[in-house]
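Whole structure, please, built from the sequences with the hints as guidance.
Protein chains in written order, with this note's numbering: chain A, 1 to 345; chain B, 1 to 174.
Errors might be hidden in some of the hints.
Derived, one-sided and incomplete: chain B residues facing chain A with beta-carbon distance under 10 Å [to be verified]:
{"no.": "1", "residue": "Ile27"}
{"no.": "2", "residue": "Lys42"}
{"no.": "3", "residue": "Thr44"}
{"no.": "4", "residue": "Phe46"}
{"no.": "5", "residue": "Arg96"}
Away from chain A, derived, C-beta distances all over 10 Å, residues of chain B [stated by the list, open to error]:
{"no.": "6", "residue": "Arg119"}
{"no.": "7", "residue": "Leu125"}
{"no.": "8", "residue": "Pro143"}
Note that these hints are calculated values from the structure, not bench results.
A virtual CB, placed ideally from N, CA and C, is assigned to each residue, including glycine.
Here's the letter readout for the chains.
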Amino acid sequence: MEIAFLVEKLLLVTILFVATLTVAAYSTYAERKVAAFLQDRVGPNRAGPFGLLQPLADGGKMFFKEEIIPSGSNKWLFIAGPSLALLVSFLGTAVIPFGQNIELFGRVIPLQVTDINVGILYIFGVVSLGVYGIMIGGWASNNKYSLMGAIRGASQNISYEIAMGLSIIALLLVSNTLSFKELAEQQHGWHWNIIYQPLGFLIFLVCAFAETNRMPFDLPECETELIGGYNTEYSAFKMGAYMFAEYINMFVSSAVMVTIYFGGYNYPGMDLVNGALGATWGPLVGVAVMFLKIFAFIFFFMWVRWTVPRFRYDQLMDLGWKVLIPLAIANIVITAIVITVVDKL
Amino acid sequence: MESLSGRKKVLEQKPMNFWERIYLPAIFRGMGITFMHMFKKKETTFYPEQEREFSENWRGMHSLKRDENGKERCTACGLCALSCPAEAITMISAEREKGEEHLYREEKYAAVYEINMLRCIFCGLCEEACPKEAIYLDGPIVPADYLRKDFIYGKDKLVEMPISELEALKGATV
Chain A
1 MEIAFLVEKL LLVTILFVAT LTVAAYSTYA ERKVAAFLQD RVGPNRAGPF GLLQPLADGG
61 KMFFKEEIIP SGSNKWLFIA GPSLALLVSF LGTAVIPFGQ NIELFGRVIP LQVTDINVGI
121 LYIFGVVSLG VYGIMIGGWA SNNKYSLMGA IRGASQNISY EIAMGLSIIA LLLVSNTLSF
181 KELAEQQHGW HWNIIYQPLG FLIFLVCAFA ETNRMPFDLP ECETELIGGY NTEYSAFKMG
241 AYMFAEYINM FVSSAVMVTI YFGGYNYPGM DLVNGALGAT WGPLVGVAVM FLKIFAFIFF
301 FMWVRWTVPR FRYDQLMDLG WKVLIPLAIA NIVITAIVIT VVDKL
Chain B
1 MESLSGRKKV LEQKPMNFWE RIYLPAIFRG MGITFMHMFK KKETTFYPEQ EREFSENWRG
61 MHSLKRDENG KERCTACGLC ALSCPAEAIT MISAEREKGE EHLYREEKYA AVYEINMLRC
121 IFCGLCEEAC PKEAIYLDGP IVPADYLRKD FIYGKDKLVE MPISELEALK GATV
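Okay, here's the thing in structure tokens:
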């Protein structure tokens, strides 16, 4: 293995890590701003111009708060919970292609940390690991509310993963690949998968809300019933780690949705722009487009959060098992039939 | 049963139809409503710089009044402290000495007068109890602070400015 390759990957990982952190930090700011604007308020505006330093102030506050570990808790698991949540949420970014191959210093560099040929399976594995952070944290707290939150989180994630997987199967029937890079390449020039799989996308979107524990499916933390749910006992930076993990999850699931349904870094007129700007600057425009799409999705997540009230628990389970799973199966059947008929014609 | 007032309304509990049951149209309508709110006028008052108008009977920080000659009205009778349901007021009385007639109106005055603003519930009973019209809750909002001891307001913060100083201040600004 040559040194240049290692340096290239190391740089890419570092940039991606910092970018993810920045996006997550500013998501907290954006969330408060969006919430404020949707409610006729102005939001944080004291720390720096337009309150832009607010995430730094919040982070500093989190660091300097008193850190309490309850005496009845299982200490190691109590620490492992938020660490795992944070770690797992970062893992997802590794397989997402953020742009076309870029030419730098005479080398062709893929803007993706690793293009494993089972990228979608990998994402699924990582996403289902995500619930362990919540479960372990909630259980280790030795608190009834935390435990309730953890149980809810676990059952919710398990229920919605099924529908999510089924909606992906229909997509795979269309695309014939599990690699994110290939999925993104296939959607070049308006062949976005959302056009072929609108129902699948809708199911995936609803499941993504459930998997990231966002409103209207934020039952694991449900302030009104569970006083914060699985993170009731957490304080200081462990609490911050959970919150951060939630925002990183939001970023990753937005990136996944953009990549597999909304054309990834592709945009109309891409070939023209690439021809005009060359192999170095052209792909960077693609990266910018990718991030714009991701930000649009993150805004959508927030917009929904401040519009739709929380589901009741039985309604949540009804929606998951009685609506989304049958719909996803129907979607697979219809897609399969259409593909067969179109192929024969 | 027959409704006597005639105002009873029986709500019909119809089962939801298909479009209501799939939630999505309702959610999208709701999202449209929240989105339109982004462009509405913001209701925020930027508090320390901007203050909302107070109502006529607003009760804020206490002030101990002076009479028309600038003498303190309070005689330290303790009725305000007695009437206070939150036990926020305490005082030590002293007798007026020769040569202090221009400072205090009666022969007795409050040497120390303290209100604990953390205890005070701003009910205005002290104002009502005072026979000398010496205390009024006509000040601004009590500001926030860092230490509990700083919320115990003494005479330095409560007593009105003497007329001479007030006029000097006015002269300076005009």
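Which numbered hints does this structure break?
As far as the earlier hints go, only 5 is violated by this structure.
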